[in-house]
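Chains A and B, in that order, give the protein sequences.
Read in order, the letters of the first sequence are residues 1 to 357 in UniProt numbering.
Read in order, the letters of the second sequence are residues 1 to 490 in UniProt numbering.
Rather than coming from a laboratory, the hints here were simulated on the basis of the structure.
Among the clues, some could well be false.
Within a straight-line C-alpha distance of at most 25 Å, the following computed DSS-like cross-link-like pairs (lysine-lysine) qualify [said to hold, decoys possible]:
# : chain 1 : residue 1 : chain 2 : residue 2
1 : B       : LYS274    : A       : LYS82
2 : B       : LYS416    : B       : LYS145
3 : B       : LYS471    : A       : LYS277
4 : B       : LYS423    : B       : LYS434
5 : B       : LYS461    : B       : LYS244
6 : B       : LYS244    : B       : LYS228
7 : B       : LYS401    : B       : LYS416
8 : B       : LYS461    : A       : LYS277
9 : B       : LYS412    : B       : LYS145
Derived contacts from chain B toward chain A, CB cut-off under 7 Å, selection only [stated by the list, open to error]:
#  : residue
10 : PRO254
11 : VAL263
12 : GLY430
Per the computed footprint, the stretches of chain B lying under chain A, defined by three or more beta-carbons under 8 Å from a beta-carbon of chain A, are [as the list claims (entries may be wrong)]:
#  : segment
13 : 225-237
14 : 288-298
15 : 363-372
All residues carry an ideal CB built from backbone N, CA and C; glycine is no exception.
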Amino acid sequence: MAATFLSRFGRSLSCISRRGFSTSCDDKLLLPTGKSMNLYSAINQALHTALETDPRAFVFGEDVSFGGVFRCTTGLADRFGKSRVFNTPLCEQGIVGFAIGLAAMGNRAIAEIQFADYIFPAFDQIVNEAAKFRYRSGNQFNCGGLTIRAPYGAVGHGGHYHSQSPEAFFCHVPGIKVVIPRSPRQAKGLLLSCIRDPNPVVFFEPKWLYRLAVEEVPEHDFMLPLSEAEVIREGSDITLVGWGSQLSVMEQACLDAEKEGISCELIDLKTLIPWDKETVESSVRKTGRLLISHEAPVTGGFGAEISASIVERCFLRLEAPVARVCGLDTPFPLVFEPFYMPTKSKMLDAIKTTVNY
Amino acid sequence: MAVWLVRSRTFVHSLSKKMGFLGVYPSRSSWDASFMQYSSSSSAILSLVDNRYGSRPYGFFDNSATRFLVPRFKSTEPERDLDSQHIKEDEEDHDQALDFPGGKVPFTSEMSFISESGDKRVPCYRVLDDNGEPIVSSNFVQVSKEIAVKMYSDMVTLQMMDSIFYEAQRQGRISFYLTTSGEEAINIASAAALSADDLVLPQYREPGVLLWRGFTLQDFANQCFGNKADSGKARQMPIHYVSKNHNYFAVSSPMATQLPQAVGVAYSLKMDGKNACVATYFGDGGSSEGDFHAALNFSAVLEAPVVFICRNNGWAISTPTEEQFRSDGLVVRGRAYGIRSIRVDGNDALAVYSAIHAAREMAVREQRPILVEALTYRVGHHSTSDDSTKYRPLNEIEYWKLTRNPVNRFRKWVEKKGWWSDKDDSELRGSIRKQILQAIQIAEKTEKPPLADMFSDVYDKQPSNLQEQEKLLRETIKRHPQDYPSYVPV
Numbered sequence: 001m002a003a004t005f006l007s008r009f010g011r012s013l014s015c016i017s018r019r020g021f022s023t024s025c026d027d028k029l030l031l032p033t034g035k036s037m038n039l040y041s042a043i044n045q046a047l048h049t050a051l052e053t054d055p056r057a058f059v060f061g062e063d064v065s066f067g068g069v070f071r072c073t074t075g076l077a078d079r080f081g082k083s084r085v086f087n088t089p090l091c092e093q094g095i096v097g098f099a100i101g102l103a104a105m106g107n108r109a110i111a112e113i114q115f116a117d118y119i120f121p122a123f124d125q126i127v128n129e130a131a132k133f134r135y136r137s138g139n140q141f142n143c144g145g146l147t148i149r150a151p152y153g154a155v156g157h158g159g160h161y162h163s164q165s166p167e168a169f170f171c172h173v174p175g176i177k178v179v180i181p182r183s184p185r186q187a188k189g190l191l192l193s194c195i196r197d198p199n200p201v202v203f204f205e206p207k208w209l210y211r212l213a214v215e216e217v218p219e220h221d222f223m224l225p226l227s228e229a230e231v232i233r234e235g236s237d238i239t240l241v242g243w244g245s246q247l248s249v250m251e252q253a254c255l256d257a258e259k260e261g262i263s264c265e266l267i268d269l270k271t272l273i274p275w276d277k278e279t280v281e282s283s284v285r286k287t288g289r290l291l292i293s294h295e296a297p298v299t300g301g302f303g304a305e306i307s308a309s310i311v312e313r314c315f316l317r318l319e320a321p322v323a324r325v326c327g328l329d330t331p332f333p334l335v336f337e338p339f340y341m342p343t344k345s346k347m348l349d350a351i352k353t354t355v356n357y
Numbered sequence: 001m002a003v004w005l006v007r008s009r010t011f012v013h014s015l016s017k018k019m020g021f022l023g024v025y026p027s028r029s030s031w032d033a034s035f036m037q038y039s040s041s042s043s044a045i046l047s048l049v050d051n052r053y054g055s056r057p058y059g060f061f062d063n064s065a066t067r068f069l070v071p072r073f074k075s076t077e078p079e080r081d082l083d084s085q086h087i088k089e090d091e092e093d094h095d096q097a098l099d100f101p102g103g104k105v106p107f108t109s110e111m112s113f114i115s116e117s118g119d120k121r122v123p124c125y126r127v128l129d130d131n132g133e134p135i136v137s138s139n140f141v142q143v144s145k146e147i148a149v150k151m152y153s154d155m156v157t158l159q160m161m162d163s164i165f166y167e168a169q170r171q172g173r174i175s176f177y178l179t180t181s182g183e184e185a186i187n188i189a190s191a192a193a194l195s196a197d198d199l200v201l202p203q204y205r206e207p208g209v210l211l212w213r214g215f216t217l218q219d220f221a222n223q224c225f226g227n228k229a230d231s232g233k234a235r236q237m238p239i240h241y242v243s244k245n246h247n248y249f250a251v252s253s254p255m256a257t258q259l260p261q262a263v264g265v266a267y268s269l270k271m272d273g274k275n276a277c278v279a280t281y282f283g284d285g286g287s288s289e290g291d292f293h294a295a296l297n298f299s300a301v302l303e304a305p306v307v308f309i310c311r312n313n314g315w316a317i318s319t320p321t322e323e324q325f326r327s328d329g330l331v332v333r334g335r336a337y338g339i340r341s342i343r344v345d346g347n348d349a350l351a352v353y354s355a356i357h358a359a360r361e362m363a364v365r366e367q368r369p370i371l372v373e374a375l376t377y378r379v380g381h382h383s384t385s386d387d388s389t390k391y392r393p394l395n396e397i398e399y400w401k402l403t404r405n406p407v408n409r410f411r412k413w414v415e416k417k418g419w420w421s422d423k424d425d426s427e428l429r430g431s432i433r434k435q436i437l438q439a440i441q442i443a444e445k446t447e448k449p450p451l452a453d454m455f456s457d458v459y460d461k462q463p464s465n466l467q468e469q470e471k472l473l474r475e476t477i478k479r480h481p482q483d484y485p486s487y488v489p490v
């Protein structure tokens, strides 16, 4: 199924124009050896770096050996050997359980779940085991070397089980971190940080952008900080908060809003837990308005948490209700995907409503 | 039927090839010294399994403290021979086979389904009969006086700790307890057969492994009372022990989650070329979990040195094994995953010791998983929250408690050896009782861990949301001290 999916994915992408991303911070990092690449290549480069710099790093999961269904692990097995880069049986709870044990022995266990939609059999291992491993042992044991990578999100034709954004489930779990990059450079820098962070991390990769997003990515080993949000576009009228592939939609909405005289500030949260409340708070204190957008269903989504936290902190400063432009509360639909999605127009409407409240 | 006739013919044929096996292999203590010799010659351990290829050369190590005597070994895997013979004949008959991953698969014109069960149940390996007499033809690892006495003493200690801690719970002094009654032999004998470097991923009814490794009665009491001396920082319910010093991972309540983790730990040992394996424990109930399947399959495919030890004690809380699975217990599942397995009398300490000893040697030397199913009985209630007389007959419990008691059986054997007397026994019991009562008193008096321990170790460093919450909580405590237990230092 995955292979079929991949070829269909490839076809559909070819008819969409490539879209670049601006990364405002640390531009000097790009200059010396920056190379234009897409997101899956950036992930691949990060994995190369991780394996190269730490002999105790391992990469494994379903179909990882030949390069993975999204090609993220291309070339790794050849370069680092079958004992460090290998296929596992088709069993997500086994992959994560195995990864926890491996990480508990002081290794960097980089586990791939082929699609975020299939992470649920591993939910128990993540929630009851990985997240509590350090706490329950009084810090005698930890599985901090664990990083779980999983492609998430809509791609235009993925239906129920190749489209979901399950991040909110994991944001309810003290003890793990949840990180989502928006672009190739972010993906490389954040993934390396996740792999080297001494805590278990769930790293969701925006699969829509694997081939679509292209930007300059430094070829050297670099890391981007976790739990630090980034203001990727400054504005004065409204704050927009999002993560992952949704940011590209939000950026388009910002441009359109600008044409109508509305100045939007756009924030990439990057790490969902523990999240950077301070950056969002200070932006909302400035703009007085907040819009959150994600692909996952609106009810119980992580947007609700951000909304509640910011209302607690900025109640008197808010000039309009917090807006959420999110996925709808249906299973992720196939034919109806265009109706389900938090699109640019929906967002533009919400921006205008909020600003004119 | 026609198929069966063919098969029984080959069965007789294969049995005749199985006789007359002899072999000896060294104890763990002499393992390092003899490792090279073993790796350069054919392995006696391997012979235990693959004896159908003929008998192996003898090996003998005089410096062995303990020694595996194998006067005669009967294969527990006749069916494998049977199958391979069968395949051969078919190949000869038809000269046709399907080239398929994993090897040639012969074609057959017989439409026959593989039976859902064997003709007989898989036999259970034992060394001592119910009277503690060694069975004459039994092959087992000799146990020195020192080890035997420690095994017996630790079994008694475990029993006494269980009964006193259980009472402490009944008196409301601790919140929860769970005994190991009836499973003392599996606990202690398996621990004795492992090396101290072997890592243990427990379920929860294996405190005896920790006891064997030197976790003190005071350590046990501190955990159960949740005081500041508990190395787990009083965050888990009683009996959820953990000790890095003893290579013992934290007990986790969810069933079987430790099993796939054990494979990951073992894979790391394999990568590091360590002379150690992982021992992981679970029950008959745990074997129904998806994690059990995941772990066995992963361990076989990744060739990880794990010894899976199933305590098949008949009951998962109130669910009997007939309502848990329809296979002949656990032992038969090994082969489905490509894992070598053995069934052992879990109430026979010598049999458990021998089987685990052999299992861990094979796991380490051959870098492969082994499945051990120990047949036993949960004599106690599931936990202090359970009354097992509501779902099982008293006489069944009594039978296992008295007639098949593993501690009494082992005591008879050590006594017959002249290593133990009634006087030794009463002295031991008197001393242990005193130590346990004292440990409880101390644990009860030791203060609880500070509030700061609630917020640490969620992550390696405390993130801002937890800093904020800790600060808020401390302010709330100042305003409403009456809402909070005074025994937790703020």
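Each hint tested on the structure:
In summary, the hint linking LYS274/B to LYS82/A is supported, as the alpha carbons are separated by about 19 Å, within the 25 Å threshold. Distance restraint check for LYS416/B and LYS145/B: the Cα-Cα separation of roughly 12 Å lies within the 25 Å cut-off, and the hinted pair is therefore satisfied. For the hint linking LYS471/B to LYS277/A, the alpha-carbon distance of about 17 Å falls within 25 Å, and the restraint holds. Distance restraint check for LYS423/B and LYS434/B: the Cα-Cα separation of roughly 17 Å lies within the 25 Å cut-off, and the hinted pair is therefore satisfied.
About 20 Å separates the Cα atoms of LYS461/B and LYS244/B, which keeps this hinted pair within 25 Å; it holds. Taking the CA atoms of LYS244/B and LYS228/B, the gap is about 17 Å. The hint holds against a cut of 25 Å. For the suggested pair LYS401/B and LYS416/B, the alpha carbons sit about 22 Å apart, so the restraint of at most 25 Å is met. The straight-line distance between the Cα atoms of LYS461/B and LYS277/A is roughly 17 Å, inside the 25 Å bound, and the hint therefore holds.
Restraint check: the Cα-Cα separation between LYS412/B and LYS145/B comes to about 14 Å, which is no more than 25 Å; the hinted pair holds. Below 7 Å, beta-carbon pairs count as interface contacts, and PRO254/B has one with chain A at about 5 Å; its hint therefore holds. Hint status for VAL263/B relative to chain A: holds, with the closest Cβ pair at about 5 Å, below 7 Å. Checking GLY430/B against chain A by beta carbon gives a least distance of about 34 Å; that is not within 7 Å, so the hint is violated.
Counting residues of the segment 225-237 of chain B whose CB falls under 8 Å from any CB of chain A gives 6; the rule of at least 3 is met. For the segment 288-298 of chain B, the assignment as covered by chain A holds, since 7 residues bring a beta-carbon within under 8 Å of that chain's beta-carbons and 3 suffice. Counting residues of the segment 363-372 of chain B whose CB falls under 8 Å from any CB of chain A gives 0; the rule of at least 3 is not met.
The structure is inconsistent with the numbered hints 12, 15, although it conforms to all the rest.
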